[in-house]
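Student: Below are the chains, spelled out letter by letter.
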Amino acid sequence: MIGFILSRVARAIITLLVTVTLVFVFIRFSGDPAAALAPPDAPQEVIEQYRRALGLDQPFWVQYTGYLGRLIQGDFGYSIHSGRPSLQIFLDRLPATLRLGGTALLISLVCGITLGAVAALNRGRPIDRGVMAFSVFAFAMPNFLFGLVVILVGSLAFQVYLGGQGASSTALGLIAPALTLGLASMGSYARFTRSSLLETINKPFMLAAEARGIPYKRRLIRHALPNAAIPLVTLVGLSLGSLIAGSVVTEQVFAWPGVGQLLVRSVATRDIATVQFLVLAIAATMITANLIVDLLYLVIDPRIRAK
Amino acid sequence: MSDATTYQRPAIPWAVRLALGFIAVFVLFALFGQWLSPHEFRATSLLDRLRPPVGFGGTWDYPLGTDARGRDLLVRLAVGAQITLIVAVVGTLIGAVLGSLLGVLAAARRGFVETVVVGAVDVQASLPIIVVALFVLAMFDSSFTLFLLLIGLTGWEVYARLMRGAVLSAKEQGYVTAVRALGASPYRIYLRHILPNVVSVALVQFTVNMPLTVLLETALSFLGLGVQSPLTSLGQIMSEGRDRLLTAWWLTLFPGVIIFLLALSISLVGDWVRDRFDPTLRSEN
Amino acid sequence: MTPTDLSPVLAVRDLTIALPPGADRAHAVTGIDLTIEPGQTLCLVGESGSGKSVVAQAIMGMLPPALPMTSGEIALQGTPNPPQRASAYHRLRGPKVAMVFQDAISSLDPIQRVGRQLEEILEVHGVPKSERRARVMDMLAAVLLPDPDRAYRSYPHEMSGGQAQRIVIAGALLLNPALLIADEPTTALDVTTQAEILELIEKLKVEFDTSVLFITHDFGVVADIADHVVVMKDGIAVESGTAPSVLQDPQHDYTKRLLAAAALAPARDQAADGAAIFQVRDLSLTYRRGLFFNRTEVPAVREVTLDLHKGQTLAVVGESGSGKSSLAKCLLRLQDTDGGQMIFKGRDITALQGAALRDFRSKVQVVLQDPFGALDPRFKTIDAIAEGPIIHGVPKAEARERALRMLELVGLTPQAADRYPQEFSGGQRQRICIARALVLEPEVLIADEAVSALDVSIQVQVLDLFTDLQDRLGFSMVFITHDLHVAAAISDNVLVMQHGRVVEQGPTAQIFANPRDPYTRALLQSAPGQKRGLVA
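Residue numbers (my numbering), protein chains in the order written: chain A, 1 to 307; chain B, 1 to 285; chain C, 1 to 536.
Since the hints were derived computationally from the structure, they do not count as laboratory data. Every residue gets a Cβ at the ideal spot worked out from N, C-alpha and C, and that includes glycine. A hint or two may mislead.
[Stated by the list, open to error] To spell it out: a stretch of chain B is covered by chain C in this simulated footprint if at least three of its residues, at any positions, have a beta carbon under 8 angstroms from a beta carbon of chain C; those stretches are:
| # | stretch |
| --- | --- |
| 1 | 46-54 |
| 2 | 242-248 |
[As the list claims (entries may be wrong)] Distance condition first, Cα-Cα at most 20 angstroms in a straight line; then the derived DMTMM-like pairs of lysine to aspartate or glutamate:
| # | chain 1 | residue 1 | chain 2 | residue 2 |
| --- | --- | --- | --- | --- |
| 3 | C | Lys-329 | C | Glu-239 |
| 4 | C | Lys-329 | B | Glu-172 |
| 5 | C | Lys-256 | C | Asp-282 |
| 6 | A | Lys-203 | C | Asp-471 |
| 7 | C | Lys-329 | C | Asp-370 |
| 8 | B | Lys-171 | C | Glu-123 |
| 9 | A | Lys-217 | C | Glu-123 |
| 10 | C | Lys-96 | C | Glu-239 |
| 11 | B | Lys-171 | C | Asp-418 |
| 12 | C | Lys-396 | C | Asp-359 |
| 13 | C | Lys-96 | A | Glu-210 |
| 14 | C | Lys-329 | C | Glu-184 |
| 15 | A | Lys-203 | C | Asp-103 |
| 16 | A | Lys-203 | C | Glu-184 |
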């Protein structure tokens, strides 16, 4: 078990290190890192200072270790726009994104699992087919289209414009983008819950439980659902990625002042320091989330614990 | 012991027939749609700006209306569909070939090669492809080739993971042991026995991955970071019409609905293909 | 005496259950009658597809809607059962009738502790909380688990198959049912464990005053435990009667065949020594797994020495984990060894490579256990058989001709040539595998559990085929098996393995009659069917 934990942690650290290295190599070979990382409007000699400080005249591996050192010290460079540290800009935007992403995750988990369970228990009936159709619909619906339709409907039916700044403070202004963001995940949770539950219901131990005289509802709640929920943990970890990806587009559509919008804006304006930091932050988040999922299995699945 | 059973080919469900029909219409539209209109897709006409479609006050000069620069939406959709189609097919192919090769290689060679491939899969899995694309597009000038390559990376890690697993389990099959014992060379074992038995995994994933490619291309173009003017794609048309959502809805809704129906149709066909080829993943079970 | 004590524990009259349209026959079972008196054991004997498990499901009220009961009555202790799947069964399952299944581990919830699952049975049947724990602990002691406290706290995957079966039996008897249904409860277990579980069921039957409906395919088990026997074939009871009468004087041909297969009598007694064709000296193999954090070494084969004589068959016998299949892989040179030497026809083949290895492969061939995985689903029969000769340079047309001759030799029609493996039954597939191995005219054939996945009556046919072909073609055989009956039927010499080591080897007749090693003795004594002298 300790071997399992150590190997998972080691794997996460290596993955993060490789990502950092790739980011470094890309920045190093795509232009002038000194100009990119120095504060904007810096006079030539400051850039020169940065160049020497960054050690661009030094061998490659010295530059690389220096880069790693600065990352560890929390120096992620400065935005060419405002001259502020990219970490600070990120932190300013983070709460809005967490609010949107958290709400979307909550909506998609609750609705998705409910729909999937209802479909599984009514297998082959119209409600099951409806849920399956919904999950295909949710998967294929581009969130920029869905978002625009939501805005359009909001404007025509409710006389609210949801696509502008300021809408984010109202309840509807939060639900609309969260629904847009969570739609795809909701579809995949529904689908996954359904197949996981159906698979569990047909396991031999469910039949054996019936033979022991355990009533249907109890079999379902005490045995089928907990077993079916285990693989869902992995799915939630994985869908964090699609949530992050989706928030890039959704925040853009709804003019939501979050990290996703910051990323698109920084890319459009070539704000390398900020983009670099955001990429590393996203990678670190995902790697940590996957590590947590792996370790969570230790808690919820005794079979993993034994290894 | 189950006795020999005869396999019955199930009928194609009507939803899949409709989806196949839509895909056919889409491909025909992408290839020949430009002939439906006398206009050229870049030709602007300041007098005909923001004409609505027929039925909403528009005329048959511009059946689907015009954009803010007076360009015919019908012909622009046809060209956009063409680009979207090319990106979807080529992009999906790149990812499929690259990922499958790496996955097979990892399972076949084991050891160091496998460690590197599995590590690369981990790294890719830690970054949504849209973030990778944004990062690279921030570094380099956007060109159609670069964009195509980035789209091609979509889901490569899924192919690698699936193919590695499929080859590893195929290697454990009795027939591989038996054929090895017959004295077959590794090349024969892989080319004649293992690969033909796992290729369906990649084919199924191809149909599952393609809608994701379509959605990524249109999303990036929608964000203004994908296909650049003067070229156009369905996502880029939407992006141009976004700011006029309330006044000129046709600019966003027509391309949006086409993207949605395309992704939906490919998904439906993909689910059906998966059910047919891979009973273990069957969604009905 | 109350009326229920006079009624039979189980009475099944004229039970007929339909199969869904499109199945290979109209009914799963037709006109089945069963009666079990208090304290008696009825063995329901049949092979896969005979409908024996469907009968058990019907008694439990658990028939799926796709298998409707079209006629018949089922009564427990004189009271007719409710309609199938009625909720009233919840009160019957447990206190009146209980059931255990073949795979005990997978019949327990994998993420709940065993003790909790046993207490749940008491809970849903209204036993007060204060009594539950004590009753469960008593029961765990009654099924003779060595450490009841530990078992109580365990998860299913932490137990061996035998321990898990004891737990499941404990759960079944917790509410002291009148009838215990056991559906092949020992089939997945090693032979020594099987003997223990059978003994346990016998003991508990008396202790708990329970009748038993025991479903099995093995007449050895029948001989050990049955009071009454019903033999089923294709959904029909072909023979029934008291155990002594059926065992001593079987009427139906099918019963006779199953009985013959259960006899533990060495069929060959020639001890004539041919020249040693394959010699193994001190062969060792250790599996290494994991990276630095969880590295483990598992010795699979330890210093095995054996001689295979020309034209003879050596049976390698052992329970699961004994290393017998790893030994087969080494002999086939599919697995590199860690020590020792293998000499084939005077030549050291331990580290053979390249062309010499390929040449060796044409002389030593294999037939594997699972006939369903052993054939490439994309290869027609003829191409699968012809592949060997083609690999070894025979022109394609000639290879196909040889394949066709081989097909006939293993008893398949020429029409089979152009069909795919999916279109054949397990026994037919195994014939194709034998043809594929023998078409290269090997001098040694290694059969790794080659009949274990087959039904008993098919097993007999395939074993006959092996013997017949060996007589005609003169190859030597190494027959790996866990089944002593198979070893007795086919081998001249036998080698017994335990924990990777050879504990005893010698002529089969001699070792079966007079085992010297304690483990061999235990193994032979565990073989079912000895209480009533099925052993000829």
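Student: Now, for every hint given, state plainly whether the structure supports it.
Tutor: Structure-based check of each hint:
1. 46-54: violated (count 0)
2. 242-248: violated (count 0)
3. C:Lys-329 / C:Glu-239: 43 angstroms, violated
4. C:Lys-329 / B:Glu-172: 13 angstroms, holds
5. C:Lys-256 / C:Asp-282: Not satisfied, since the Cα-Cα distance of roughly 44 angstroms exceeds 20 angstroms.
6. A:Lys-203 / C:Asp-471: 47 angstroms, violated
7. C:Lys-329 / C:Asp-370: Satisfied, since the Cα-Cα distance of roughly 15 angstroms is no more than 20 angstroms.
8. B:Lys-171 / C:Glu-123: Given that 20 angstroms is the threshold and the Cα spacing comes to 48 angstroms, the pair is violated.
9. A:Lys-217 / C:Glu-123: 14 angstroms, holds
10. C:Lys-96 / C:Glu-239: Violated, at about 28 angstroms.
11. B:Lys-171 / C:Asp-418: 25 angstroms, violated
12. C:Lys-396 / C:Asp-359: Holds, at roughly 19 angstroms.
13. C:Lys-96 / A:Glu-210: 14 angstroms, holds
14. C:Lys-329 / C:Glu-184: 31 angstroms, violated
15. A:Lys-203 / C:Asp-103: Given that 20 angstroms is the threshold and the Cα spacing comes to 12 angstroms, the pair holds.
16. A:Lys-203 / C:Glu-184: Judged against 20 angstroms, a Cα distance of about 18 angstroms means the pair holds.
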